[in-house]
Structure formats: C-alpha cells, structure tokens
Amino acid sequence: MSLCCVYSGAVAGVEAIPVEVEVNAADSGNIDIKLVGLPDAAVRESVDRVVTAVKNSGLSWPKKPITINLAPADLRKEGPSFDLPIALGMVSLDEERNGTLKEGALDMCMVVGELALDGRVRPIKGVLPLTLEAKKQGKKAVLVPKENALEASIVEGIYVYGIENLRQAYELLCGEKSVSPEKLDREAFFAAQSHYAIDFDEVKGQAHAKRALEVAMAGGHNMLMLGSPGTGKSMLAKRLTTILPKMTESEAIETTKIHSVAGLFDGKNGFLATRPFRSPHHTISDAGLLGGSSHPTPGEVSLAHNGILFLDELPEFRRSTLEVLRQPLEDGKVTISRAAGKFTFPSRFSLVAAMNPCPCGYLGDPSRECRCSPNQIEKYRQRISGPLLDRIDLHVDVPAVNYKELRSEKTGESSEVIRERVDEARQIQLQRFVSDPDINCNADMGSRQVAKHCWLDKRSERMLEQAMESLNFSARAHDRILKVSRTLADLEGHLEIKEVHVMEAIQYRTLDRNLWV
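Its first residue numbered 10, the sequence shown is counted upward by one per residue in my numbering.
Read the hints as simulated data drawn from the structure, not as lab findings.
Ideal Cβ positions, reconstructed from N, Cα and C, are used throughout, including at glycine.
Among these hints, one or two may not hold up.
[What the hints assert, rightly or not] Here are the computed distance ranges between Cβ atoms for each label pair:
| id | residue 1 | residue 2 | range |
| --- | --- | --- | --- |
| 1 | 166 | 45 | 30 to 38 Å |
| 2 | 83 | 505 | 56 to 64 Å |
| 3 | 243 | 111 | 55 to 63 Å |
| 4 | 238 | 336 | 29 to 37 Å |
| 5 | 332 | 243 | 47 to 55 Å |
| 6 | 378 | 336 | 38 to 46 Å |
| 7 | 74 | 341 | 46 to 54 Å |
| 8 | 484 | 322 | 25 to 33 Å |
| 9 | 31 | 457 | 46 to 54 Å |
| 10 | 386 | 217 | 18 to 26 Å |
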C-alpha cells in the first residue's frame, strides 16, 4: 500500500468539519516527512510527536518520502487532534511489519486524538461535535481518547471506542484486539446527573424576590436585583437554575457542544445534564464575555446558553463590556469575525444582574446610614446604559432579612414545587408559539406577538394608561409590562390578562429608564 486515507475532523466554532488525512509513500526521493494542508504550529509539530510515538509503540512506517495532506486544503487546521489519524495512516503503509488492516476498517470510522511521546492517547477538545459529524457522514464508529469516550457516547447510532494508546488503536483496526465500545444507559445517566446540590427552600424570607424570580424564569425574562450587601442576591441567583424546566436531550447536547469546544470537561464529567450557571467577575474583558481571541472560542454568554448568566455588582463592569451584551440578548446568538473566519455561537440565556443601590451600598437601608453624595449616586447608576436597562424586564428590591426570619425553622417552597409551576407556564407558551419556532417564551415576543397575545380588558387598559402617564414609563417599558403580565396570567393558567396581573407587572418597573437618570 502506498496511499492511505484516514477520516478525521476539525472544529470550527461549535460545529465540526470533516477532514481527510491522506498519507502517501513515494518510491523515490529524499527520505522525509512533509505535512501540507494549511496546518497551524500545533499541527506541524505533530510530525515530531507521531514519529516518536510510533517508534515507542513498537510500530514502523516505510523508510520512504512521506507526504501527509489534510484535506480540504483551504481550511486552516488547528490543535493536536490529528496526531492519531496521522500515525495510523503512516503505520498502515507498512502492513508487512505491522500487520494487515481489516478490509474497509478505516473507511467506516472517524479518528481523533493527541499522542504522547510514549504512544498514549491524550484527550482533546470538541469530541461531541466531532462525533455528531461522524454520524452525519454515515460513519459506523469513532476512535476517540479514552477520557473523551463518555462525552462521545451520548450520541446514539454510532459505536464509540475509547482508545488508550496507538498500538491498541492499530490492533483494533487489524482485528487483532477487541475493544468494547462505550455504552451509556441514557435514562440512568440523565437521572443521576440531573440534580442540584442547592435548593430554594434554603433561602430565608425574601418572599417578594422569590416571587419575582419565579415570574422571570416562567417567562424567560431578564431581571435586575437591587439591594444592600448581604441581603441574599447572589444566594437567590445561584438557585435560579433549579427552578427552570429540566433540559431536554437536544438542549443538553447543544449546551454540551459549547462546553466541549471550550475544553471544560474531564474523563469523569463528560456531559452537561443540568442548566449552566455562569457568573463572571466584573473584571472580565469583552472577548471573555462575548467570545473571541485570534482563534475564536465561546465566551461566557455562550457558556450560559440554555441557562443563567449572572452579573454581580453590575455597575462595576466596564461599560463597553456591558454593551456587547445587546446583540446576544436580542438575537440569542453571537457572531464573531476574525482572520481565522466568521463563527457563530448560540447564546440564548436569561440575564440576571445584581447591584447595590449606591457606591457604599446602604442607600435606603433602615439600619445603616448612606454616606454617598447625590452626585456619586447618579454617576454610579449611570454606569448602566439606558438601552441595556431597557432589555431588563423586572427590577426587584431585595431588602435585608430580619433576625426572626433568619432564625425561623419554617422553610419556604422547594425548587421542585416552584419548577412545576414554571414548567406548566412554559408549556402554555410553547403551545402558544408552536407556529413560530423562533419564539420559545414570552420574553422573546416582538411587537406583533405582543399585540396578538397581550390584549387587555378595559380595566386593565385604564390601569396601564394611568401608570404610563404618572410614572413616565417609556414605550419599551410598555411592552415589557405587557410581556410580564402575560407571564403572570400563564402562571395562574388564565387566558386573559387581568388587572391584578398588570398591577404586579408595574411593580417590577421601579427602575425604568426615565426614573433611572
């Protein structure tokens, strides 16, 4: 054999692209190994790793001029994941000394993995999208690093072989060694993984804030909590994912793909079955939040996809950093253009933010005196732009918990009880928007859907009109109130929005833009 083709893949954004590793041995010329096909530095270095790994595995390749092509040639190849397919291609050219491959063995599988110098196969990023692509290409099996096998095995309809070293991979393809494919009891796995270590019944008091959080999660609304330090804003936010509906399998796979590409998994934790909660520090850069760098990777807004993005101490974030949130909040995705190409990452999340009422944090606190001047308070609040604030549906005060509530043995509702109500409201919304696949919840409604699904009776109309005139609400706030009112009605199972729903929704607009400045 003078030419061998091994099927592999490359990750671009959160998707995979098939790559053919072609290895050819020429009959004449200088004995050398050339690697072509637009490789980056890490891929070019694979030749040195592969040569050493093959020798230390007790295998060999023809002592002839070797040319390795990574096709398609116009796609830039990055990372060390091509080590294993390159090594298998080189070794398979010397069947006389290494053994003969089973007929069609390489045609039926996709191979990925990094090689250590002793021949061990090391884990790589992006195994889940690569496995999904292999299935899409009609492959019967994938050979992946042992540590990545659990992650890949979530894909049904394809055999996943966890490979420990180069020799084991080659003997498997020769039929000399049997390796059991990774098997996953999907039902048991989801049941074991879909649990949280925290619960809403651990939060003392804060009945009003809990109610607002339930409303926000039921309608997919963004939310801002305002309160002094130590009132429980972060504690409440961390428990939000526990009251969201459980992730569907398609949501879990979509979210896991993003975390896989970011390299956030290890051999023991290869799949994300609970909704993500991301809480970046306020010193984060624009690229860290949105995604980017020279080789674009997912940012925090994408890692929070199908979950919660929590921004604590919101005014402490750089204004430019907060402004980049506007696109993902509106579109549910992030598009990044770099020299390496144009990449789109999904980023449909619920934004939950928290802040103090003033720089010292004690404005309005009954037990501590605020030392901030009016000018300091105004500058502090104006760090948040009006357009960003307009995209936050609910503004909620979180007061300090008194001693009796703190020491009370009475517990509130559990996350499971609240989640049942949230889930019922979400099901109503899914049925409402079944003909519009781009809308998943009330928060996603545009002007047309608001006019269609948020009509008011005369009393409710009069209530909203009075609020608009007396409180100087903006036009955007008008739509936000209607969306929240629709969610409140859904939580109670009502087809019509009633006056009480509008009244409650108005209470959640205390920091409207016109009142803010």
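Exercise. In ascending order, which of the hints set out earlier in this document are inconsistent with the structure?
Worked result: Hint check: 5 fails alone, others pass.
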